[in-house]
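**Student:** Sequence:
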Amino acid sequence: MFPPVPWTCRNPDAAALLAKWRLLEAVTEDGLRLADADLSGARLSLCRFPGARLERVVLRGAICSLLFLDGAEIRGCDFNGASLQNAIFAGALLEDCRFEDCEIVQTSFIGAIIRRCSFDHSNLYASRFTSAAFETVTMRDCNLTRVRFDPAASGAVDFKSSNTAEARFEGPSG
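Once you know that position 171 of the sequence shown is 171 in our numbering, the rest is easy, because the numbers rise by one and skip nothing.
Simulated from the structure, these hints should not be mistaken for laboratory data.
All figures in this text were calculated on a predicted structure; none of them were measured in a lab.
Just so you know, not all the hints are guaranteed correct.
[Said to hold, decoys possible] As a list, the in silico SDA-like pairs of lysine to any residue whose alpha-carbon atoms are at most 20 Å apart:
id, residue 1, residue 2
1, K160, D101
2, K160, R146
3, K160, T138
4, K160, R115
5, K160, N143
6, K160, D141
7, K160, H121
8, K160, E170
9, K160, T136
10, K160, A133
11, K160, E135
12, K160, Y125
13, K160, D120
14, K160, N123
15, K160, R140
16, K160, S118
17, K160, T145
18, K160, A126
Please construct the entire structure, taking both the sequences and the accompanying hints into account.
**Tutor:** Structure (structure tokens):
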């Protein structure tokens with residue numbers, strides 16, 4: 001049995017499912033606050049957490065499909081080995097997060113601010129970083145096929161050994 005998840009949820013059935021089975025489906029929780037939780041291996045599908053604040057949450061090996069974290073503040077989280085299919089991080093702030101060895105497919109980071117995050121060894125196929133701002137980000141040895149960075153205000157991104165020829169880049173708009 002996993003330790004209890006430090007999360008206050010208005011839907012007691014959803015909280016019980018997450019704590020016991022690491023499973024949530026079709027749950028909406030505005031302004032979710034979650035810190036120091038281990039949700040390794042969790043399955044989150046059709047969940048919407050707009051404006052969430054996640055701090056030091058471990059989601060290693062999690063399977064997330066249609067997970068909406070638009071406008072979220074995500075700090076110090078570990079997504080290593082996770083599968084993020086059609087997830088939404090639009091307008092989110094991501095700081096000091098690890099997305100290494102992940103399947104991040106058709107995921108939206110449109111307008112996100114991404115600081116000191118690592119996406120190394122990940123498949124980012126057809127994901128969107130349009131109008132995203134980067135600061136000290138690594139995307140080394142990544143599949144960037146059909147990934148869009150246009151127009152992106154790219155600060156510092158290390159693309160070493162990634163297939164950048166198959167990604168779309170344009171400069172900042174304006």
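**Student:** Now tell me, hint by hint, if it's right for this structure.
**Tutor:** Hint by hint, here is what the structure shows:
1. K160 with D101: Roughly 15 Å between the alpha carbons, so the hint for K160 and D101 holds.
2. K160 with R146: Holds: K160 and R146 sit about 17 Å apart, inside 20 Å.
3. K160 with T138: Holds, at roughly 8 Å.
4. K160 with R115: Roughly 18 Å between the alpha carbons, so the hint for K160 and R115 holds.
5. K160 with N143: Holds, at about 11 Å.
6. K160 with D141: holds (6 Å)
7. K160 with H121: holds (10 Å)
8. K160 with E170: holds (19 Å)
9. K160 with T136: This hinted pair holds, its Cα atoms lying about 13 Å apart.
10. K160 with A133: holds (19 Å)
11. K160 with E135: holds (16 Å)
12. K160 with Y125: Given that 20 Å is the threshold and the Cα spacing comes to 17 Å, the pair holds.
13. K160 with D120: At roughly 9 Å apart (the allowed maximum being 20 Å), D120 and K160 satisfy the hint.
14. K160 with N123: holds (14 Å)
15. K160 with R140: Within the cut-off at roughly 5 Å; holds.
16. K160 with S118: Distance of about 12 Å is within 20 Å: holds.
17. K160 with T145: Answer holds: K160 to T145 is near 15 Å, not above 20 Å.
18. K160 with A126: holds (19 Å)
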